[in-house]
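In order, the protein sequences belong to chains Z and S. Per our numbering, residue 66 is the first one in the first sequence, and the count goes up by one each step. Per our numbering, residue 66 is the first one in the second sequence, and the count goes up by one each step.
Please keep in mind that the hints were generated in silico from the structure rather than gathered at the bench. Any given hint could turn out to be false.
Claimed, not checked - These stretches of chain S come out as covered by chain Z in the derived footprint (C-beta under 8 Å, 3 or more residues):
(1) 202-210
(2) 225-233
(3) 452-458
We put the beta carbon where it would ideally sit given N, CA and C, even for glycine.
Single-letter residue listing:
There are 2 protein chains.
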Amino acid sequence: MDQVYWNREKETMDPAVRAQQILRDIKEQLHYVYEELPFYRAYYDEHRFHPDMVETLEDFTRKVPVLTKDALRLEQEAHPPFGRYLGFPAEDGVHVHGSSGTTGRPTFYLFSKQDIAYIRDVMAQALYTAGVRKRDVVQISTDLGMFMGGWGALWGAEEIGAACFTPGAGNAERHVRMMYEVGSTVLVTTPTFALRLLDTARSLGLDPVRSPLRLGIFIGEPGAGIPGTKAALEAGWGIKAMDCATTSEMTPWATNVECEERRGVHVLQDEVYTEIVAKDDPQRPLPEGESGAVVYTHLRRKGQPMIRFWSGDESRMSTAACACGRTYPRLPDGVYGRVDDMLILRGVNVYPSAVQRALLEVEGLGSEHRIVLTRRDQMDEATIRVEYDPRLSEGGAPGDDRLKELHDRTHAHLRAVTGVRFNIEFVPPQSLERFDVKARRVIDQRSTS
Amino acid sequence: MDQVYWNREKETMDPAVRAQQILRDIKEQLHYVYEELPFYRAYYDEHRFHPDMVETLEDFTRKVPVLTKDALRLEQEAHPPFGRYLGFPAEDGVHVHGSSGTTGRPTFYLFSKQDIAYIRDVMAQALYTAGVRKRDVVQISTDLGMFMGGWGALWGAEEIGAACFTPGAGNAERHVRMMYEVGSTVLVTTPTFALRLLDTARSLGLDPVRSPLRLGIFIGEPGAGIPGTKAALEAGWGIKAMDCATTSEMTPWATNVECEERRGVHVLQDEVYTEIVAKDDPQRPLPEGESGAVVYTHLRRKGQPMIRFWSGDESRMSTAACACGRTYPRLPDGVYGRVDDMLILRGVNVYPSAVQRALLEVEGLGSEHRIVLTRRDQMDEATIRVEYDPRLSEGGAPGDDRLKELHDRTHAHLRAVTGVRFNIEFVPPQSLERFDVKARRVIDQRSTS
């Protein structure tokens, strides 16, 4: 018989009691990093911060300086390979991984046996929250290489006792065929690759709704938190699509995870403490519900712990009750933007994910698009290049009337949602390249045009 | 302080005592598979074999029918996905993998928690025998996907407590750069990819002899057992190159492994019992030293155990003492051929690995070649297409005299080693494609020409 919770007492705890526990953990962790990790000692001294200055959770936000990726990179360059925040002798490390920087030196992670045991347990709680059970076959359709995404999922699913199936990198056709052969019930991958596998299954003459899958756990991109994408994944595969993940620096990175109610991601605050702060002031906490920058803190990891890590993500938080009974707060819309990915078009802030959301709401459009930015006479031009629905071209290319009407609806809806007048350009179905891993839909030609 | 052995008592046991233990394990395993696994019951009944018929190790060879890959494939097709030799309820499986068939349905492996614990322990013994220690950083430069190679190495290295670094699939440049950044001391990969990484390191202006590597563990191909390839790997990287591996069906597949004496691979007979039998009669044992087909048996695995698995590999065995003190027998030349990969050219048996070995012995040749087979007037023609040494083209393309002399020496040496008159065709250095994973050097155009 299935239990609802991985750990009932922990997950349904009175939030006020949990907050006291979090504060105790924060204080202990601050003293640990200050006393044991030379990088933090130097960093905090430089910022005139001392752990004794934190008496409340608000003190924590207001007084502890945030860490950026850049600070980690510089520290590792100065003290290679792992920086002076490792927390154990390097020879006790058992797994080396890296951040997903595509160029240059990544930030390296070294995990001790103790850290991995800890990570396995938290990842198990997270995947269990999303619905993974011992009887499942969990297909992990990501490269198990440098990057942490697949590994965390593997470790959590192993801990639950599910069967893990790892078809390896690339080769969408193999991923699909093996899914049916092996009988995978859970798919872990990026939303982009899951959509690609959907196309592949159909092109192989398979009916994805009848696949053995019952659950998708989507990582690496905010897709499963975007209503249109979530709906496309759920209807396409006949599954529940669960949004999940923080960022690899925060491994166990699945501490933002959806429960079966799917009302946004629960935030496992007692493992990775998550704050929403002003985008332009990491020392300023925001009231519940306001949109801001996400800052993360490891409460228990002793190896390479991150204290107030500036993720660059944007979200808002809610403490409203969830029918699942878990008393963790939620990010009701998941992570919906990047503070630093935000586009500014003629003075208006536009998130690419908002554009994607809006396009998915327009009847008659296909599933892939680009946002092309150019500059003319010192003015930014923004063009949406979008595929039209395959059904429009049944019996030949769609007529001008049809496209004109679609153009006007698309333009109006985009303007209503984003406040920006976009140029609209239609292209045939399947003419835009699909992405295997992370989608790169913004094509910025402003410096070259 | 380093110990020499992972398990001194086991590794240095009197071979006669070990043989008694092996016989006991074989009898127990035969009764287990016959009574618990319907596939074996049916197979043995059909061959009129019963476990009670085995009283000696010779009985085992003479009376137990061998298993082929084809038999496993047919069984899994009839009883998908794992066949009736699983040995535990499918829901107790925790890892799904597959054989490395490049086309069609692979054979699937499902491992239970118990099997993985067992595999980890044996893989640790094998890697420890090859010289891996807790202080090492083990870079596993293979795809961690369907196939077992990387996974076994990972599990064994984790068990030893070494740090595992997995740079992922493809991208030779990243593998090399990260090796230097992370400080990898052990490289696990195919000989082919290790040679490719060597070229990559040089092209990046790095000196491979000064890399952090001290040890290479070579899997997936017989390369590190071929003297010329072993020497190229050792001199190129400044490492000890260890040959290792059986085949994925026999996971823990590293039970053939070199010790630091490097006098061929030790055979861990008390885990995977290994026989050398006549190539045309799997029921006929061969005397020590004779070249024959290799047949493997799991003595302890309870999930998907292989009993007398016909690997298709060719080797010979020696029980001569090894200076390391281990009392396991050895395959002094490793696995040097495939019974079924053997080429028959004008009535002569030729192993591609023998050609490779001969070419590496000719001064003036480069490091890559092809064997091109064509047919003219009902006669097989065999052409060796081989790169010449880069030093020959210093100051312009090599002269005809130079190439004529090289041609004659190559032709004569190949004929002496293989008994075949090959056509020789020279191509410039680096003009033949390098292989990332498994080399495919035989180009058979006999059906099309």
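### Query
Within the region 452-458 of chain S, is the number of residues with a Cβ closer than 8 Å to a Cβ of chain Z three or more?
violated (count 0)
### Given coverage of the region 225-233 of chain S by chain Z, tested with a Cβ cutoff of 8 Å and a minimum of 3 residues
holds (count 8)
#### Entry: Stated coverage of the region 202-210 of chain S by chain Z [criterion: 3+ residues, CB within 8 Å]
holds (count 4)
The structure fails hint 3 only (numbered hints given earlier).
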